[in-house]
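Colleague: Spelled out from the first residue to the last, the chains are:
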Amino acid sequence: MNETMSPMRKTREPTVHRAYAIFLLCACVLLGSCRTSEGVFTVFVASSMTEFINIMLPELAAEFPDVQVQVNIAGSGTLVNQIAEGATADAVLLAGASQMDRLQSDTAFQPPVSIARNTLTVVVSSETHREVNTISDLQNSGLQGAICVRGAPCGALALEFSETTNLDLSGTTREPNVKSVLAKVLRGEVDYGFVYRSDARLAASEVRTIDLEGLDLLTTSYSVALANSDEISLSFLEILTGRKAAMTLEDLGFLKP
Amino acid sequence: MRTRLPRRVRIVALLVIALVATPLISLLLRVPWARIPSILRQEFVTDALVLSLTSSVLAAFIALFLGIPVAILLSRLDGLFASVTRAVMMLPMVLPPVVGGAALLFAFGRRGTLGSALEDASGVVLPYSLGGVVLANAFVAMPFVVLTIEGSLRGLDSRFELAAASLGANEFRTMIKVVLPMVRSSVIAAGVLAWARALGEFGATITFAGNIPGKTQTLPLAVFVAMETDQEAALAMSLVLILVSLGVLLTMRDRWWPAR
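Top to bottom, those sequences are chains A and B. Counting in our numbering, the first sequence runs without a single skipped number right up to 257 at its last residue. Counting in our numbering, the second sequence runs without a single skipped number right up to 260 at its last residue.
None of these hints come from the bench; they were simulated from the model. One should not assume that every hint holds.
Stated by the list, open to error - Pair ranges (Cβ atoms, derived):
{"#": "1", "chain 1": "B", "residue 1": "Ile25", "chain 2": "A", "residue 2": "Ala62", "range": "41 to 51 Å"}
{"#": "2", "chain 1": "B", "residue 1": "Thr46", "chain 2": "A", "residue 2": "Leu234", "range": "25 to 35 Å"}
{"#": "3", "chain 1": "A", "residue 1": "Glu59", "chain 2": "B", "residue 2": "Phe81", "range": "30 to 40 Å"}
{"#": "4", "chain 1": "B", "residue 1": "Leu28", "chain 2": "A", "residue 2": "Leu24", "range": "26 to 36 Å"}
{"#": "5", "chain 1": "B", "residue 1": "Leu243", "chain 2": "A", "residue 2": "Leu24", "range": "28 to 38 Å"}
{"#": "6", "chain 1": "A", "residue 1": "Arg187", "chain 2": "B", "residue 2": "Phe44", "range": "44 to 54 Å"}
{"#": "7", "chain 1": "B", "residue 1": "Thr22", "chain 2": "A", "residue 2": "Ser98", "range": "25 to 35 Å"}
{"#": "8", "chain 1": "A", "residue 1": "Pro58", "chain 2": "B", "residue 2": "Thr251", "range": "51 to 61 Å"}
{"#": "9", "chain 1": "B", "residue 1": "Ser116", "chain 2": "A", "residue 2": "Pro58", "range": "35 to 45 Å"}
{"#": "10", "chain 1": "B", "residue 1": "Ala82", "chain 2": "A", "residue 2": "Glu59", "range": "58 to 68 Å"}
{"#": "11", "chain 1": "A", "residue 1": "Ser33", "chain 2": "B", "residue 2": "Ala82", "range": "35 to 45 Å"}
{"#": "12", "chain 1": "B", "residue 1": "Gly79", "chain 2": "A", "residue 2": "Glu85", "range": "45 to 55 Å"}
{"#": "13", "chain 1": "B", "residue 1": "Pro181", "chain 2": "A", "residue 2": "Ser126", "range": "53 to 63 Å"}
Said to hold, decoys possible - Now the stretches of chain A that chain B is said to cover, found in silico as 3 or more residues with beta-carbon under 8 Å:
{"#": "14", "region": "68–78"}
{"#": "15", "region": "145–155"}
{"#": "16", "region": "162–174"}
{"#": "17", "region": "185–192"}
We treat Cβ as the ideally placed atom computed from N, Cα and C, and that holds for glycine.
For reference, chain A alone in the conformation it holds in the complex (with noise of 0.2 Å):
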């Protein structure tokens, strides 16, 4: 038995031990990527401001070449819970009071500065097959809506609209963040969508816009926290809030806040 089990091990152990050191190489690695890595400032972006920090960020690269920028791009809900369970960011632009309250009492980051408001609109489809001029028309039979979920301050918008008006809302989709409203309205999978007023004018080519009215005090206002006070977090804020970023926004379309 002896005789027999002895030249196997002998070509078994190596491979054994390759594996394991593969599984360890590889353990490493992945640990290593999970630290947080020196000259990256991670800035933490709700959806509806991609066009605005896209626009804004070689601003900063300018002034820190040697820094890497990562942006992490979601509905404002689940960037407030990615970063109470525990991810890292150095600067957070959110959308909704709601959110950043909660990231306020959450977490440790520093007071918010409002940097615009937002107001919502609703955007249809020119796939449509039906006649939707005004805001009633939604209300028709046949007619797919989206709107954000509630926990996106678009939703939270939509719903709050929806209260004040008795415009049933309850057959729409409800879709994780504006940007996904807005590109299902675009690929004709929905009739008409609520998204934000900057979110319809970069696609005014493409849909019809009807214009809530009356209820320009609906609006969701948009703010900066830092995590901390380094040079480069400063001038961060410093760029979202100088004149450049104040005329960008308006030309997007946003609201002076």
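Given chain A's structure and the hints, the job is docking chain B onto it.
Modeller: Chain B in isolation, oriented as in the chain A frame:
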């Protein structure tokens, strides 16, 4: 008789088991046990629960009904054609479900290759409807049916079939009365697997059928939404999904791991 289990195998295995169990136990630690009854009575939760059960059961039956003929065909084929067909049939199992959902949209969506014709002909629009949820669920669940049933059909002794045929049964009757009953237990296993896969389906559903509370918002989708607004509700619904899945695995244990 077996040789003694090597100690390091035992240690590594126990460590890995602990590692897999930790996230699940951590979830259980956060479940708001006292509030569970009131959470599960909330309308969006009961809606999601009923919808999940209905759509997953329907999807499992559809996957079985459509998957069995494919399994039979593949069990009789060999060569390149069979390999390619099998790979295509297995794709929904390995693809990211979102990709599956997007593919369904391009086929059955309003502007899809089949969807637009379907809408013109019958007025039926599959996305954003219960039908859409069932279709998405059946799409991802069917590979489990094909895989499970084809495997046991290949292991069958063909003499029974030949005997039935020699006694005058036609091919279809042989299939229904002789072959399928012989693989009965794997048909049941396939159905249960398909059902479990459909119950947990998320990506294809939200992409193809949307997320309409009370209409297409299944339990996994409701968990996803609640994570941002009502984490306790998300945990309670997760608990339901964990218990159901665990129940399925335990009832099927004899089939997959026969006692020695």
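Colleague: State, for the Cβ atoms of Gly79(B) and Glu85(A), whether the hinted interval 45 to 55 Å holds or is violated.
Modeller: Distance hint for Gly79(B), Glu85(A) holds at roughly 51 Å.
Colleague: Between Thr46(B) and Leu234(A), does the beta-carbon spacing fit 25 to 35 Å?
Modeller: With Cβ atoms ~50 Å apart, the hint is violated.
Colleague: If you check the beta carbons of Leu243(B) and Leu24(A), does the distance land in 28 to 38 Å?
Modeller: 37 Å, holds
Colleague: Mind taking a look at whether chain B covers the region 185–192 of chain A? Criterion is 3 or more residues with CB to CB distance under 8 Å.
Modeller: Since three or more residues must qualify, the claim that chain B covers the region 185–192 of chain A holds, with 4 doing so at under 8 Å.
Colleague: Regarding Ala82(B) and Glu59(A), is the given constraint of 58 to 68 Å on their beta-carbon distance met?
Modeller: Given a distance of about 59 Å, which is inside 58 to 68 Å, the answer is holds.
Colleague: Is the distance from the Cβ of Thr22(B) to the Cβ of Ser98(A) consistent with 25 to 35 Å?
Modeller: Between Thr22(B) and Ser98(A), where Cβ atoms are some 32 Å apart, the hint holds.
Colleague: Is 44 to 54 Å a correct range for the gap between the Cβ atoms of Arg187(A) and Phe44(B)?
Modeller: 27 Å, violated
Colleague: Count the residues of the region 162–174 of chain A with a beta-carbon closer than 8 Å to any beta-carbon of chain B: does the count reach three?
Modeller: holds (count 5)
Colleague: Taking 41 to 51 Å as the stated bounds, is the beta-carbon spacing between Ile25(B) and Ala62(A) within them?
Modeller: At 49 Å between Cβs, range holds.
Colleague: Take the C-beta atom of Leu28(B) and the C-beta atom of Leu24(A), compute their distance, and say whether it sits inside 26 to 36 Å.
Modeller: With Cβ atoms ~31 Å apart, the hint holds.
Colleague: Closer than 8 Å Cβ to Cβ for three or more residues is the test here. Does the region 68–78 of chain A pass it with chain B?
Modeller: holds (count 3)
Colleague: Is it true that Ser33(A) and Ala82(B) lie within 35 to 45 Å of each other by Cβ?
Modeller: 41 Å, holds
Of the numbered hints stated above, those contradicted by the structure are hints 2, 3, 6, listed in ascending order.
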